[in-house]
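So the sequence lines, in the order shown, correspond to chains A and B. Each position in the first sequence, counted from 1, maps to that position plus 455 in my numbering. Each position in the second sequence, counted from 1, maps to that position plus 455 in my numbering.
Mixed in with the good hints, there may be bad ones.
Pairs count within a copy or across copies, as identical chains cannot be separated in the list.
Said to hold, decoys possible - Straight line, CA to CA, 20 Å or less: simulated SDA-like cross-link-like pairs of lysine to any residue:
id, residue 1, residue 2
1, Lys511, Ala477
2, Lys780, Ser621
3, Lys780, His743
4, Lys780, Arg707
5, Lys803, Phe826
6, Lys780, His892
7, Lys803, Val718
8, Lys803, Arg707
9, Lys803, Ser602
10, Lys780, Pro624
Hints in this document: simulated from the structure, not taken from any laboratory.
2 protein chains.
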Amino acid sequence: MSSIPAAPDDAVRASIHDRSAAFLDDLVEWLCIPSVSADPAHAGDVRRSASWLAGKLTATGFPVAEVWETEGAPAVFAEWPSGDPDAPTVLVYGHHDVQPAALEDGWLSEPFVPEEREGRLYARGAADDKGQVLLHTLGVQAHLAASGRTAPAVNLKLLIEGEEESGSPHFPALVQANADRLACDAAVVSDTGMWSGQTPTVCTGMRGLTDCQIDLWGPDQDIHSGSFGGAVPNPATEAARLAARLHDEDHRVTLPGFYDGVVDLTDEERLLFAELPFDESAWLRTAHSHAALGEAGYTTLERVWARPTAELNGIGGGYQGPGGKTIIPSSAQLKLSFRLVAGQDAEKVQQSLREWVAASLPDGIRHEITFWGATRPCLTPLGHPALQSVVRSMERAFGQRVRFTREGGSGPAADLQDVLGVPVLFLGISIPSDGWHAPNEKVELDLLMKGVETAAYLWGDLAEHWRPQESALPGPRTHSKPAPATPAPLSQEE
Amino acid sequence: MSSIPAAPDDAVRASIHDRSAAFLDDLVEWLCIPSVSADPAHAGDVRRSASWLAGKLTATGFPVAEVWETEGAPAVFAEWPSGDPDAPTVLVYGHHDVQPAALEDGWLSEPFVPEEREGRLYARGAADDKGQVLLHTLGVQAHLAASGRTAPAVNLKLLIEGEEESGSPHFPALVQANADRLACDAAVVSDTGMWSGQTPTVCTGMRGLTDCQIDLWGPDQDIHSGSFGGAVPNPATEAARLAARLHDEDHRVTLPGFYDGVVDLTDEERLLFAELPFDESAWLRTAHSHAALGEAGYTTLERVWARPTAELNGIGGGYQGPGGKTIIPSSAQLKLSFRLVAGQDAEKVQQSLREWVAASLPDGIRHEITFWGATRPCLTPLGHPALQSVVRSMERAFGQRVRFTREGGSGPAADLQDVLGVPVLFLGISIPSDGWHAPNEKVELDLLMKGVETAAYLWGDLAEHWRPQESALPGPRTHSKPAPATPAPLSQEE
């Protein structure tokens, strides 16, 4: 890991400077399109947004820029071959749809009429994700201008989906169906953020997810707690027992085998996390919570970024109206979500849960478990050479040491890792105050331009320092069946 | 306990026989009044029912028969002094209101047009409770006719409330306000049943009840389980933990002190319960349940009749809609009811719960407990001389040995014990198939006449064999404050 930021490139900076006004004009134009994927009334706007982007990518120089239809909103695919047969292939991921927004939600200016105030551009989608997608247009232009190349140093591909804010319902199928054209050596996800403007960071992984509902049935109808109380099993009590027994006293998940294979934090990563200027009381305010609580032996950041969890999302059973009702309920229900980390396999967790629930319930309680789906975790080890390229590029752009984070949530990035069998890198410049999904979303223009600069360095750095075949995953994944239980090693170094 | 039923009384039987047709005509007339207390549309019918009963009691010979107003539906009070200064005073409790009923619920005949079929009288209220109230009119008449007395051998009082099917909201206040006029040596509750027509039984106690709601709050709003999962307390999980920890592996309640002072079953009572022809699979069908489960070391009957319980009546928190939602909920809620037995005090249980909940919850979870109220348990020991009178009277009427039950539910009978400070006796002839609260409610006419006969024997037997002062509670209760924690001893024998 370099500890002294690499030197910036005057030519790159000059090129970005020359084109920055036009770039911002483009961004403003795009932000005016209310591409709200969740609202059918904006379906036309989402299509318009896709066309606009495809046109812009063509204008940028991409020889291929296509709108890809899905069963829902369209995605945009673009490709710019390097010309060098040994060059790595990189696929940039982002999305062009946005969250809903209305002035009356508390915006100080119209959400779809971008307004610049004090170095910030306010608009829905400014940070999530149009700004972070568009930075790649100026990024590749600066890369070419500064290097004198006519094509990027890597084979550059972009896949910008149109349904991310609606849960990416058709994204896995889209990736599956186009796996050949999307084939690459790494994915670069530009849909995340950094620790802060003062502390630039690179995200190295996201947690996976599997969630489910457990229905429990006891008596065939609600029965009188006086006549029968204390003598028959109560499904609400059994639901509560399942939820309660899912963790031990140390807040560790008790499902047999749950931690088997978990890729634990390295000492280096724990040290790096610990160096971050973390303010737990500020974090608690963000969490709208009044105390921290979690797995013994780990810090709050480690718990949300790097440890698997079981969380009770909802529970219900029996009487929930006003006052009391002295019944034994006939049924109850749990909603559980499990965040998974590298080394865990959703199918194994599901199977363990099935067996554990069946073994936990007494006679007289029927049950059914429904899993809603599974998103795999992704993790790129600190020592991975492609990750090192991202770090070096950011350090050149920011002129300071770059640190590391992870993302506790789960997202479609994992589908890229999973279906395409490649490591996922994160290049994001948004910061927590950017207000994703909230009123007055904004992007910090200085950070946005640092992101452009990072992208401009990245393609050359990757081509120069990375030999994908030396750190590749062992062979392409089979696309028609689930990926193997344990993520393949992404690097020999770790 | 007598093991040979006492001889019946030919004079009593002849008197009942002579008057039975008129008695049944009266009952049919009363059952035609749809005194549904829960339905405001029937408020006039409930009043009409009260007036009808007061008139009938006057016609029976009661020198005092009054309609007592409450803030809800009216009750009926009647009194017939013995004239003997040493005679015990007995207060009969029942109710003249009924559950709703409509032909389309599955009745074979109009619920308020009584119909006799195969020795059964079908009508709403036939068993619950008009039949069992009215039996006391013919009962006292037969008692007088057979004994040649002009006033009963005991000072006889009746209190027949009009809101039992609506939860008796004004009953405790009514009893409190009229405690002087209701003063007695024992209450006789005629609002329960027997094991079966073949196995006549006397109920010796009812469980008490206190129920509550526990609200828990964690984050100020639902938060993202990816961003924060595993690092802050989850109020739904904490609600589940409370519910789960409320019982140990033996299904005993874990609240500190919960079993302190509990009057345990005597060996004699356990033996007597065990002799009852209990069919657990038939009982499970009644319970609409598929397995029995409860406190280790006790049978099903012991669990529902004589053991205190904690039951989860409802639980709710977080997302309960279709599909999944990966949140940490901001709040959750439990509804708990505790059935109490003699020796337990609702206030102590409430206080223990308050302390236990406060000590169980982690930092970051706020909570609030709301108790809905408390009904005390009541229990009359097998050896109590007034209970022996009931048993002897029933054995004379039924010509067979009488066994014992208890009632798992809770009811206003406990208010009589509590406010008036007297033992509660149960004289009921209804059987489980009578269909209380269900379509086609009926009373078995032969059992009803056995009930009349029991009542006819009871007053003379009590006057002859019971000296209340020798088995009285120690001094009158103070009516304006809660009763003491532990039920006062009802008898020196036990």
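Comparing the hints with the structure gives:
1. Taking the closest pair of Cα atoms, Lys511 and Ala477 come within 20 Å of each other only inside a single copy of the chain (12 Å); across copies the shortest separation is 99 Å, beyond that limit.
2. Taking CA atoms no more than 20 Å apart as the test, Lys780 paired with Ser621 passes between copies only; the shortest distance there is 13 Å, against 40 Å inside one copy.
3. For the identical chains of this complex, Lys780 and His743 are inter-copy neighbours only, at 18 Å across copies versus 33 Å inside a copy, given an alpha-carbon limit of 20 Å.
4. In this assembly of identical chains, Lys780 and Arg707 lie within 20 Å of each other by CA distance neither inside one copy nor across copies; the values are 35 Å within and 22 Å between.
5. Taking CA atoms no more than 20 Å apart as the test, Lys803 paired with Phe826 passes inside one copy only; the shortest distance there is 13 Å, against 44 Å between copies.
6. Proximity of Lys780 and His892 under a CA criterion of 20 Å is satisfied inter-copy only: 16 Å between copies versus 40 Å inside one chain copy.
7. In this assembly of identical chains, the alpha carbons of Lys803 and Val718 lie at most 20 Å apart only when taken from the same copy (15 Å versus 50 Å across copies).
8. In this assembly of identical chains, Lys803 and Arg707 lie within 20 Å of each other by CA distance solely inside one copy; the values are 17 Å within and 35 Å between copies.
9. Taking identical chains as interchangeable, the C-alpha atoms of Lys803 and Ser602 are never at most 20 Å apart, the minima being 49 Å within one chain and 82 Å between chains.
10. In this assembly of identical chains, the alpha carbons of Lys780 and Pro624 lie at most 20 Å apart only when taken from different copies (15 Å versus 41 Å within one copy).
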